[in-house]
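Q: Residue numbers (the numbering used here), protein chains in the order written: chain A, 1 to 324; chain B, 325 to 868.
A couple of the hints might just be wrong.
[Said to hold, decoys possible] Listed below are the simulated SDA-like cross-link pairs for lysine to any residue, each with C-alpha atoms no more than 20 Å apart in a straight line:
1. B:K526 with A:L162
2. B:K408 with B:D397
3. B:K565 with A:L162
4. B:K527 with A:Y281
5. B:K565 with A:R163
6. B:K746 with A:V31
Since the hints were derived computationally from the structure, they do not count as laboratory data.
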Amino acid sequence: MNNRKYLLKKFMQAMITIFIVLIFNYFLFRVMPGDPIRVLIRNPRISVDALAEIRAQFGLDLPWYTQFIYYLKDLLHGNLGSSFYYREPVLNIIMERVPATLILVGTGTIISIFLGIIIGVVVAWKRGTKIDIIGLGICLILYSTPAFWFGILMVMFFAVYLRVFPTGLMSLPGVAYSSLLDQFMTSLRHLFLPVLTFTLIYIGGYAIIMRNSVIEVLNEDYIITARAKGISYIQLLKRHAVPNALLPLVSMVAINLGFVIAGAIQVETVFSWPGLGRLMYTALLNRDYPLLQGLFLFLTTCVVGANFCADILYSYLDPRVKLS
Amino acid sequence: MSRRFNGKLMILIVLGSLLLGLFSLTVTTKAAEKNVLRVGLLEEVESLNPMIGWSAAAYEVYNLNYDKLITWDENLNVAPALAKEWEVSDDGKVWTFYLRDDVKWQDGEKFTAEDVKFTFEYIRDNNLGYFKDYVSAMEDIKIIDDYTVEITLSDPIAWMPQIYVYILPKHVWEDIDPETASTTFKNENPVGTGAFRVVEQKKGQYVRMEANEDYFRGTPEVDEIIFMQFGNSSTMVESLKLGEIDVVTQVPANHFRTLENYPDIKSINAKSANFTSINFNCWQDPDSKGNKLLLDPVIRRAMEYAINRDYIVNVATGGYATKGSVIIPPVLDFWHLKIPEEDMRGFNLDKAAAMLKEAGYVDRDGDGIRESKDGQPLDFRMFLRSERSETIKAARVMQEWFKEIGINIRTESMDSGTLTDKIYESDFDMYIWGWYVEFDPNLMLSVLTTDQIMSWSDTFYTNPEYDKLFDKQKIMLDREKRQEIVYKMQSIAYRDAPYIVLWYGPDLQAYRTDRFAGWTQIPTGGLVVNTYTTETYRNLHPVK
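Pulled out of the complex, with its shape left as it was, chain B reads as follows:
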């Protein structure tokens, strides 16, 4: 090896690379002739197999690639998809679905009732994915003719016919070993009936989908959709401003303001199905590792009186969220219980202090913290998710108010995984998290039932009256009557306060208006993408 230091060569290389860099300045990329819609997101489409994936990004791809029997319209009413009509027997147990006869799988095979029967049985019998809850009550699935299916349920179900299951092609999936279907099967070339089809995936980069020309609800005008995964939201937002992408699925609140009056960009603060709440440990079991004082609803209610919701919504979410109240968010207009302002536990520190005093919690040793009759201090742990800066901000503000009414809160941040473990070990006093509520209120309401303890329940709340109402609404097919029960349940949950719902949303999205028109918000005032429907993608057309 030469020991001589070749400076000239090095300089040449450096200059060469600089020149190359400068030269690349002059190159411009030509846009394709095709109408390509580019969607910017932060989440990864972790799997193309709907029995494995769970992120919002993955669901968006599944929704485009597959169809369900039904979908939703802009009022969140059930609308036809693969099923054009349906009827139910008087006892609510037998559902007959009349399927469309003009649907083809993306590989050219005909779609028939066989596929529907196969899908539901395949998931039910093999306990697959997150879909099995929708099919587990199906006792019998009968094929009446090629385009008619009769489903017999063990009990009537109020959320029927909203079966959130992607119908799979029998001729593809019957060859897949159920053992691998929810573990290692990649489903790299998914075959569905949907408006678009995945043609390419580069992990950590993008998923490319092409329009299905034979789509039964009409050929989409967008030829291609590309879901592009970004590493951070700042560059994603800049990318939207530059026109490199057409829509951003999630805009952080601190970037939203810069988009509000930006030319050719429409920003929307959508009605949201999310809520953020303080969740208390309500477990009455002696094994509970939570502070037993919190089993007294008086303390929980007093804490709610000590929260100025207007203030924290401004501080924590930049004012974009909506003040919280009950567990069914206002976007589910039909089901949401509107509590009048005067019946809400609004900000009132004196009232909170008086309540605690009346219940026997007074400061006995003069340290500023109240104690119970047997001397237990009102001193609690509050767990926070380290990745959610807005809840950490809110907690810091609330801590001061709680201190004023004589409750000491020690906050602790941890990642969601660690917190989940703590929750399942019931090793918490309270924490801030929240829920995304489905279009049907059933699942959200179920979370507070006794049956869900050690399952979906995240507060260990139990109330026999609530449980009874839940079972009643679950089988109530009359929408008006069911609404009444659902209202009652929300008011019980509000009274007992296992959750203090701090705010709803915010769900912020932004899209460009100079390339495509036809952006559709589902429901009205809601989001344009990540809506669990495909309206936007099917309605978009290029701006001339």
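Isolated chain A, as found in the complex:
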């Protein structure tokens, strides 16, 4: 097998996964109780003719297999259907919300990974000492804290008590800014609390993984050899321990993406952040099936895509996993 073949195989696997999830999603929403038409028309006084017309318009009058084929066909054309609630194409609505989530989740994830690695390495290095006990304790507490509650605490402390950050929202509309820098700084202020909450919620998980992984590596024979050679602690960590310990973290980050989105739902709801998480929450409340289905598909693709990237990255990071 050569490089290309390996990639192709991984790619095909990813595609098959997406397709299976797609079928599962599609039928999941078909077996849910209730007639979607009732969600679509909130006016029960509608005439039978008008009802039939709307049914036809959304293709709900066709048999399920025809509907499914149409759905697949539309999908190939990049059409995810039309939202019941907003009466707009699903893809447009999702794309409108992607940047907000990307900023929040992206910044939060990057910071929590960096800090998680540092904390993990430090506590692993100092394992058995007070630093380890306290550090691990804090990590476990953060790891098990519900995002929603933690977010409210953040609002209470920073926004209400200290009054240094706004309680939520992505920006304060209707404010005239004296300069572009001013506007940028305001955006940062709005971003601070959600990102801080997000970072702290995930930092624990990454730090714990990193700690375990570093400890494992530190017990390897080659570490003992390296120490016997007289290499300094810092060099030992930098050159031998950390790079090898990073491997489990890479897969963890990719697998975690699904849970990260779940965290985004809570953080976005607390801070009124107009991202995908809150969109999903609203769609659920309104039983907006096409939108939910579109969101699920979108997120599935992201998670599968991230895992695909992790696979490739792995082969670079770990010489034992060869592409060929």
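Add chain B to chain A, keeping to what the hints say.
A: Quick look at chain B alone, frame taken from chain A:
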């Protein structure tokens, strides 16, 4: 790719981002020179097209962007808006509206009778939105001159002239395919005659409206209104305390107490047009999937005797709601039937038990639950809406009282959508929900008529006497006489008890007093925003 772990770079990045965060502490935003009113809400303005949207948030925006022919004053009397006067023929069928001649559309075009005729016909002929009920009886709409419209109805209508329809500009809407008008048309730049105009919408974030300087009832002093959508009520309330927003449309009961003595904030527990009720399945059809025992009003009445309303109002709503009685809430002062306390079915477990016994419901097998003469146990399902914690609390308390009189209630929570399906399949025994009652009692009264079964009816209640009275009040133009009929209907509905009205409200709002003054409650003692009028927005002026 380098396999080297670059710790220094990472530390730099982390420190950098921390510094950036700290630096942002020192930045303060400057308030705009403009008078901006910020309204905090939880609901989304789902569409700017009035033929699609239905939420209270969307209606608030439409009310500001558009006008109707009429509006209401603080006593809920009909007041002029686009129509300055109107008169009705003796037979009540021909209405003549005299329109204002100084009104301009927000795009500068003149408003005329053509627009009124167009709007009503466009909605009537294309069956659009929720407005068609107001125009479906209009047989003929005639333009007498540029500012006079004559509307001929098929029958007299008591709620006229309260036509709840936003008048649309003909020159914009005549180009819109009626097929898309209530399905995909976004109406992104709505053109109305209203006091404010939507200039920007960010989905899931806010809707921004600017004052209409040419507004025919005077230029508003508020330059801009921003409806800001929050993800949860806790942060919204904190935001109000911090002065980030000026008013909260809906304060949850558990946060209300913290606002009651807060500096610069006025909190109001408004007279409410909502009620929360236990709704019974009264369908006599053999296809009904409800428990047939509940067709006996004795059981329904006995259950009402087993409810201590004072207690559940305290437990479930923090004491902010008002005890319930009839289906027209007291805020509709003119129409609400006041039942004297002694005629109410007040809390009396002995009386409830005695009633059931007398009607032949006794516990025959000693399990603590009564059975009917043919052995059917008084064992019912009660559906609850999972998103309404107050009704779930109330149900838990009531369950105990019902048990004491020998009625077993099994509660089940579900989301509103699922419950709606159950209701339309008549697959329920009872559930807790409620209604928001319009300023005119007609729609609420109609819900209990036989005609509304499989439509607005949510109990399948039927009573020929009630139906007859409904048809009579519907065409009764004399307000006093109509009031008499409306009273009679409420007392029938109370006697037959298809609903047990548990409580009215609570409608809790709060606003800041340090930036704007002129907050107006509609009706007197009512809400300041979400009132179906625009009084507050037009009366507000900055505090100097």
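Q: May I ask which of the numbered hints given earlier this structure violates, with the numbers listed in increasing order?
A: Failing hint: just 1.
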